[in-house]
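Asks: Sequence:
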Amino acid sequence: MSFILKEVWLWIIIFSCIAILVGSIFIVWVILQLPEGYRAAAVIALFLAWGVAAGYKDYLLVETKD
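Heads up, the sequence shown is in my numbering, so the first residue is 71 and it goes up one at a time.
FYI, nobody ran anything at the bench for these hints, they're computed from the structure.
Where a beta carbon is used, it is the ideal one built from N, C-alpha and C, also for glycine.
Any given hint could turn out to be false.
With beta-carbon atoms standing in for the labels, derived distance ranges [to be verified]:
#: 1; residue 1: Ala123; residue 2: Gln103; range: 22 to 28 Å
#: 2; residue 1: Thr134; residue 2: Cys87; range: 25 to 31 Å
#: 3; residue 1: Tyr108; residue 2: Cys87; range: 26 to 32 Å
Build the full structure now, drawing on both the sequences and the hints.
Replies: What follows is the structure, encoded as structure tokens:
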């Protein structure tokens, strides 16, 4: 069973999951450290970036269907 720990893909998945979790916590921490006006602007910018990324993903999905 220890052979699974020698697989590269396993460690890539583990480190990717850790990076996603730590990165999210870091972004929230940075936003909470900002002054009130900047905090609101950062949250709005985060939502806008999230919307643009989701829209681009949908655009790519439609383009690849053809």
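Asks: Which earlier hints turn out false for this structure, listed by number in ascending order?
Replies: none
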